[in-house]
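J.: Residues per chain, in single letters:
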Amino acid sequence: MKILRIAAIGILLLGSILALVPMIWLILATFRANDRVFSEVFTVTKPTLANYTDLFTTVPFFQFLANSTFLACTAVCLQVFFSSLAGFALAKYDFQGKKLVMGIMLATVLIPGQLTLAPSYDLLYRMHLVDTYQGLLIPGAVSVFGIFLFRQSMVRIPDELLQAGRIDGCSEFGLYWNVVLPVSRPMIGAFSLMTFMATWNSFLWPQIMLHSKLKYTLPIALAQMVGLYQQQYGMLMAGTLVAVLPVIVLFLLLQKEFVAGLTAGAVKG
Amino acid sequence: MTPRRSYRVGGGAAPYIFVAPFVLLFLVFSVYPIVQSFRLAFYATSGPQDWSPVGLRNFAFLLQDPDFHKAVTNTVTYTIATVLLQLPLSLGLALLLSQKWLKGQNLFRLIFFSPHLLGQVFVGVLFAVLFQPKYGLVNHAYAAITMNPANITTKWLGDPATVMPALVLTSLWMYVGFNMIYFLAALQGVDQELHEAALVDGAGTLARFRAVTLPAIWPVCQFVLVTSTMGSLQLFELPYLLLGNTSGPDNAGLTIVMYLYQNGFASGDLGYASAVGWTLAVGMLVISLAQLRMSGGVGKE
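Sequence lines, in order, name chains W and Z.
Going from the first sequence to my numbering is simple: count from 1 and add 502.
Going from the second sequence to my numbering is simple: count from 1 and add 162.
Among the clues, some could well be false.
[What the hints assert, rightly or not] Just so you have them, the derived chain W footprint on chain Z, three or more residues with Cβ under 8 angstroms:
1) 236-242
2) 297-311
3) 316-326
4) 400-410
5) 420-432
Derived by calculation from the structure, the hints in this document are not laboratory data.
No residue lacks a Cβ here, since even glycine has one placed at the ideal position from N, Cα and C.
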């Protein structure tokens with residue numbers, strides 16, 4: 503029994519090392535001069551910030567960072583608001599056409615996003631929204647997945663709570679804003695983080711949609727840098743680290759909610 | 163659980179107003195493009211203004227294009243390899259982490275999950291450097307494990323034969339901890355009394371796993387199986403960035419979605435892109451239904 507336990511802990515430690523070592527190497531590599539990136543493995547004998555100064559002077563990296571931040575934050579606000587609002591309606595009201603809406607939603611879940619890349623591009627081109635942030639944000643303002651998540655958590659809100667609000671003279675939107683949203687905070691946290699990560703890391707659609715360099719998001723900018731500055735390993739690693747840091751920080755802040763939200767769909771649904 | 167006297171009300175126009183933004187956006191930006199993609203698949207286009215009907219020729223070309231065959235072979239190989247390696251590893255780690263005597267579960271869980279936070283693009287850029295042939299981190303480990311110093315210059319991403327292993331390794335690094343989270347959540351819901359009853363009956367560890375744990379977590383196993391298969395079939399960013407914005411030597415890293423991107427968007431033929439999209443969608447639907455059917459049968463045993 504004891505040997506088994508030691509073996510189990512050994513496997514877990516080995517797994518942890520494998521998970522962390524690439525990230526540790528990444529952090530260390532950013533502080534090495536470019537010609538020394540591969541000269542040492544887990545040491546930094548002559549630490550330098552040159553990669554970071556290169557990063558922000560050779561390319562408008564700060565602009566890319568600001569673009570990604572703006573897009574991710576706006577997408578989170580839009581998706582949380584519209585998805586929770588629709589989720590509330592589907593969870594707590596009986597209305598005509600409700601079954602139809604749910605049915606169409608379910609039917610599209612199985613359709614992969616790549617199918618609609620071409621027609622969506624065609625549509626947005628006709629709406630003159632190619633190479634604009636509106637073109638990225640408006641079609642993505644709601645998420646079927648988000649509506650399902652919110653509906654699932656809001657079904658459990660007691661009807662009596664809503665009825666009490668109505669007796670107090672609350673409007674239906676007031677109920678949503680003052681009663682439903684506050685009690686849905688864990689789900690909002692989880693869904694916000696998922697949306698933030700998805701938007702922040704999104705590559706294919708922004709790559710197709712955005713043509714002007716100053717509108718690029720971090721993934722597109724970094725992909726282009728890989729082509730242009732192939733040998734500038736230090737700078738590429740610094741760019742990667744700066745690009746992933748916001749997500750890591752946000753995750754550490756919202757960890758609990760995230761895990762709960764992630765598994766809610768799989769375990770209960 | 164539902165109270166006999168329901169307070170649920172129609173709410174007048176309110177629910178319609180609440181779902182209206184969704185329904186509107188959904189019709190315009192999801193339903194319409196799906197319908198339109200079906201039409202587009204039968205056209206050759208160069209730019210949005212110039213459509214010419216080609217009947218089934220997009221599909222005919224697709225089915226005989228050696229590049230598409232290569233893309234399908236690569237994508238399917240990758241999917242089978244990652245699913246076969248990833249799911250047992252994820253489940254194994256989750257089983258270890260759910261042992262009651264273990265301390266520091268939360269820390270381990272956080273560490274195993276953390277690679278997934280980076281996203282495919284950034285993981286691709288990072289691992290392209292880690293797989294660097296001259297003294298990259300992977301080659302340091304490879305030379306040490308094989309005890310052959312010559313391996314320090316292995317060209318993982320430069321040789322068609324090693325592109326796929328490198329890709330699968332990278333994907334394992336990124337997704338094993340992610341899928342572990344699902345198994346961990348499922349294992350927490352396993353009935354402990356049933357476990358103890360089986361223990362009293364003298365059932366061994368393996369027997370208890372098969373009789374108690376596996377049936378209880380089966381729905382989640384199915385969920386993870388289907389979602390990771392679907393995710394793998396849509397692979398694009400990871401190999402694209404890993405191989406420096408290319409499909410790799412001898413197209414060794416070409417995937418179906420990469421093929422769609424290169425042949426549809428780079429050349430401006432949205433019609434062809436739609437034909438590839440439909441082929442992928444139908445393939446995915448067939449595979450996921452087959453998986454659910456087969457795994458459903460096993461689950462009932």
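J.: Against each hint, give a clear statement of whether it holds in the structure.
T.: These are the hints, each one checked on the structure:
no. : hint    : result
1   : 236-242 : violated (count 0)
2   : 297-311 : holds (count 4)
3   : 316-326 : violated (count 0)
4   : 400-410 : holds (count 4)
5   : 420-432 : holds (count 5)
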